[in-house]
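Chains as they are written, first to last, in this note's numbering: chain A, 15 to 804; chain B, 188 to 513.
There's no promise every hint is true.
Unchecked claim - Partial selection, computed: residues in chain A whose CB lies under 7 Å from chain B:
hint: 1; residue: Val681
hint: 2; residue: Ala725
hint: 3; residue: Thr779
hint: 4; residue: Ser780
hint: 5; residue: Gln783
hint: 6; residue: Pro784
hint: 7; residue: Leu786
hint: 8; residue: Lys787
hint: 9; residue: Pro796
hint: 10; residue: Ser797
hint: 11; residue: Ile798
hint: 12; residue: Ile802
Calculated directly from the structure, the hints in this document are not laboratory data.
Beta carbons are placed, not taken as given, at the ideal position from N, Cα and C, and that holds for glycine.
Here is what each chain is made of, one letter per residue.
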Amino acid sequence: MRCLHVQIMLLINFNPTNFMTAKQFFLLCLFVISIQKVAIAQRATLSGYIEDAKTSERLIGVNITAKSGVGGTTTNNYGFFSLTLPKGATHISVSYLGYESFDFEWSGAQDTVFTLRLKEQSAMLSEAVVTAEVPLSQQSQMSTIELNMKQAKMVPALFGEVDILRVLQFLPGVHSGNEGSTGLYVRGGGPDQNLILLDGVPLYNVSHLFGFFSVFNADAIKSTTLIKGGFPARYGGRLSSVIDIVMKDGDMQAFHGEASIGLIASKLTLEGPIVKDKTSFMISGRRTYIDVLAQPLIRATDPTVSKAGYYFGDVNLKVNHKFGEKDRLYASYFTNIDRFYFGTREGTSRFEGGLQWGNSAGALRWNHLYNPRLFLNVTATYTRYQWSLDSKITENNESFSTDYRSNIEDLGLKADWEYLPNPNNHVRFGGGLIHHGFRPAALRFKDTGTGINNDSLVNLAPVLSSIEGSMYIENDQILTNKLRVNYGLHFNYYLFNKTSYQSLQPRLSARYLLTNRSAIKFSYARMQQFLHLLSSNNGIGLPSDLWVPATDSIPPMLADQVAIGYTLNSTDNKYEFTVEAYYKTMQGIIEYAAGTSSFINPNDWQSRVETGGKGWAYGLEVLLQKKTGKNMGWIGYTLSWNNRQFENLNFGKVYPYRFDRRHDLSVVYTRQISKNFDLNATWVYGTGIATNLPVSVGLTMGETPQSPVEAVSTGDLNSYRFRPYHRGDISLNWNKQLKKMERTWNISIYNVYSRRNPFFIFRDTSGSQPVLKQVSLFPILPSISYRIKF
Amino acid sequence: MKNRADFRNYTITIKATVLGLFAAMALAGCEQVLPLDVPPYTSKLNLNALLIAGDDLAFPQVSLKSDYQTTITASNTVGAFTADRIKFLKDTKIEFITDNNFVEVLAPVNLGLRFSRQETFDTIWGFLPTSSLAARRYEVRAMHPDYDGPVIGSQVLPARPNAQELGRADGTETRLRIRLQDNAGPQQYLVRVYGFDLASLTSESVVLFSCVTPGFSTLSQFDDFDFEDPSGLPVTYQGLLSDRGFDGQTVDLELIVYSGWTNVRLQYVVELLSVTANFETYLRAFYRNQNNEFNPFSEPISIYQNVTGGGVGTVLGGTRRTLVFP
């Protein structure tokens, strides 16, 4: 209790404006680690891993509770749990959504380590059989949503391509950007303010085809967690959200796979043991074939065109190996590519070129169990996002080729410990170091005519690098039967050239039980972000958007967010209702100076941005979910305001952010009609996004004043609204168990009633009188796909 | 340069193609006219003036003088969604006032001592005195019975740049060297280079160049596509030189000129225009406005304006020094 008193006193005396030194931070860590050690001798610990019985895939977020009511816990991202209880026999219950629950009697005489395998429920369940995860009302965390991957795969999708980022857009507090975009705008933040982790590796561009699809292949994904606020101290580096995506580990027991053929892409996923029960692998690939289908048409249209097309693809690969009960190693690799290419041939002249972009990311993770109460994960990460332009001109026997590149590259190392001294405390602490490398522009060229070759890249803009270090400590503590608190500190140190920034970011989430099924929650989090994304395309994910570091003249961004909420679970835990109100302030945000064009000159980007921007986002989110049974789904509603202010934009006046949406409503419904059929439907409605409307036309002197030119002026920034967005989608899955495989026909209809939603508006001056025109992208789009699982 | 030009063209092609892809997707969808619910727009008096003092922009060896120096226009503005046309307002009364309160009436009938009317665009143009130019304040007033006013814009012109030619060196490219004595206080110089073919006496144009001096930045409509010379310097046809690094000191400038002409020796004239601070703001805004006009995904930019009195428009100024490299 004395140590606890010290912790509380430290937190009370904490003043975020007076930053602690690193030494003080470490001392605080040590105090928290030493929580109530004296009591441990009277207790025994039940720990281990929970796995899928069929595949040995470790399960995340499994609920383990002692029936005596003395404690409970959930498995972490590696399927590990630890539950320390008073010595003596206890009834233990293990439950997980979509799996049969498992109850057993534990003697509680001594520490016990075991691996439990849960059986998946059959597809057709009676309504009465309900097994769910920990009710939200029991968790201290708020503003967090674990995506049910099975349900996510059933949600209707554009061209039938299941996309987890699109599913996240159906959740309250998450707005989509433009029509068709997978960009996520979480609680007023931009897409650059989302920390998107794939097996712990941050990805910098998650868009295929300018944002119409995300890079995540749902067949390779095990779990997806979205955190919108009340961020636990273990996360940092972005202002607005954490999207933690974990790839499948690979089946330890048997070889199997999935394959699908759709209108625009095909996918194949294989997984199985390399050494049964010790080593497994998972590999998944996807590629579009629009270009293959379009080639003959393009050639027929213009015989000088030798090739032209566009495709995207991605590959997920994961291998994991058990060294014993205490050690396990995971190696993950992910790469994706988008390529737009064309070529011409006329006589002896040939031209070939392309625009290409993609990520390469890898992680090596080592889990180690020191003892039943202390778990370690060490992760080494590498991630690179690069876009490039290549060209080759051939004339007779001479050729000239160029290769222009721009990239960001990170190398990181981090260690995370979890310490569970007793049922009332779950301590996490750790730290990490990331080296960011920025190569804004580099060129390689070769000219056989002149003999000028430059095989190594020549940097056309300075290569920049920065170092970001972090340490954190957090504790999820049950203070009383009703009050549970997750509190912690996240410390960041950032170095760019000789400029350094440091910040101590307090985090707090608290839950107070009103009844056994309802609770009120509160959270506060300060977040800092050291990287900026320069994008002037208003939500179109052009690959040339440039990631840049905070510098001496462009400080990092900072956000403070408070949220308060109420959660209610129905008595049978079928229904869950949450309502949350949040208020977020952002400082140090940057925008391109007004009018800077889409392609960025990397040489003087610092002179082209408006710095010191402020942002305010606040609103109310309501989510009603039915999580189990034949009929499932949710209704999400968001009422929000989202404003920005820059000294040099809009005459210094506050203006609405482009993706300020007053109302946003999503309805997701899935219905298991029979053993073989399921029907799914979604409907979304959103206030039109803010944009600029031309107001007047006048003359300006231009470059040569004796010939003035017409120029269009707009009113206040983002003072005009697109028409409201709404759309309905449906899909039908027809599953059938064949002899050696299960097959599924999927029929999807995107935009069922063919609503003309705005993609952009423009002033058309082609007629006698200028008119405002709206361009829409997708009318009704039916699609079909065929999937087998073997 | 051939290779770089190819690459530049290719880059522009890629941009056009990417935007074309969007356009194709847009066409695959639908385009429809939206009913507008905007308040009626009230037309305003639009006054624009560029006041240039100092040297004429002249090519002395061929006795050729550029035909513009100071220009003033008065017009109206129209609503963005009306069928109205912009008109030059010939009956606008325009007064030109110097800091000694000497008032010249330039329009509608009296054009003063040094001004005349250019018919095509109905622009008033003329020349300011070339001597005693330091810190002289000029004000332009426009009044029209149908519009709010008077619309007033003014500029305090900076001193004429104190610079001299150090010579030229011809090789693979031509290097022009200039010595500049900067005055104390923040100052910006707009730099342009003109080339003239003495043999044909026909081709006078701005030429591409790069500048070695720190503090120089490019300024052009398509500066995102500006390219670098082999040493990494951006190549442009105009730029701004800030004196932040050499305030009040003497500095030697070196301009590397890429005329694109081969086997022809050009006469070069370097225009060094000491400009007011809002000149840069205006030019950058203007280029971005023009560059983004047809890009619905870029934030729009309104033209920088600095007139008062209920109208719109911009009054800017600068003082020129021309340096001749025969």
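A quick look at each hint next to the structure:
1. Because the smallest distance between the Cβ of Val681 (chain A) and any Cβ of chain B comes to about 24 Å, over 7 Å, the interface hint for this residue is violated.
2. The restraint placing Ala725 (chain A) at the interface with chain B holds, with a minimum CB-CB distance near 5 Å, inside the 7 Å limit.
3. For Thr779 (chain A), the interface hint is violated, the least distance from its beta-carbon to any beta-carbon of chain B being 9 Å, above 7 Å.
4. At its closest, the beta carbon of Ser780 (chain A) sits 11 Å from a beta carbon of chain B; the interface hint therefore is violated under the 7 Å criterion.
5. The beta carbon of Gln783 (chain A) is positioned within 7 Å of a beta carbon in chain B (closest approach about 4 Å), and the interface hint is therefore held.
6. The interface hint given for Pro784 (chain A) is met, as the beta carbon of that residue sits about 5 Å from the closest beta carbon of chain B, less than 7 Å.
7. Interface restraint check for Leu786 (chain A): the shortest CB-CB distance to chain B comes to about 5 Å, inside 7 Å, so the restraint holds.
8. The restraint placing Lys787 (chain A) at the interface with chain B holds, with a minimum CB-CB distance near 6 Å, inside the 7 Å limit.
9. This hint is violated: Pro796 (chain A) has a C-beta 15 Å from the nearest C-beta of chain B, more than the 7 Å allowed.
10. Taking 7 Å as the C-beta cut-off, the interface hint given for Ser797 (chain A) is violated, the closest approach to chain B being about 15 Å.
11. Taken as an interface hint, Ile798 (chain A) does not check out: its beta carbon lies about 19 Å from the nearest beta carbon of chain B, beyond 7 Å.
12. For the restraint placing Ile802 (chain A) at the interface with chain B, the shortest Cβ-Cβ distance is roughly 31 Å, beyond the 7 Å limit, so the hint is violated.
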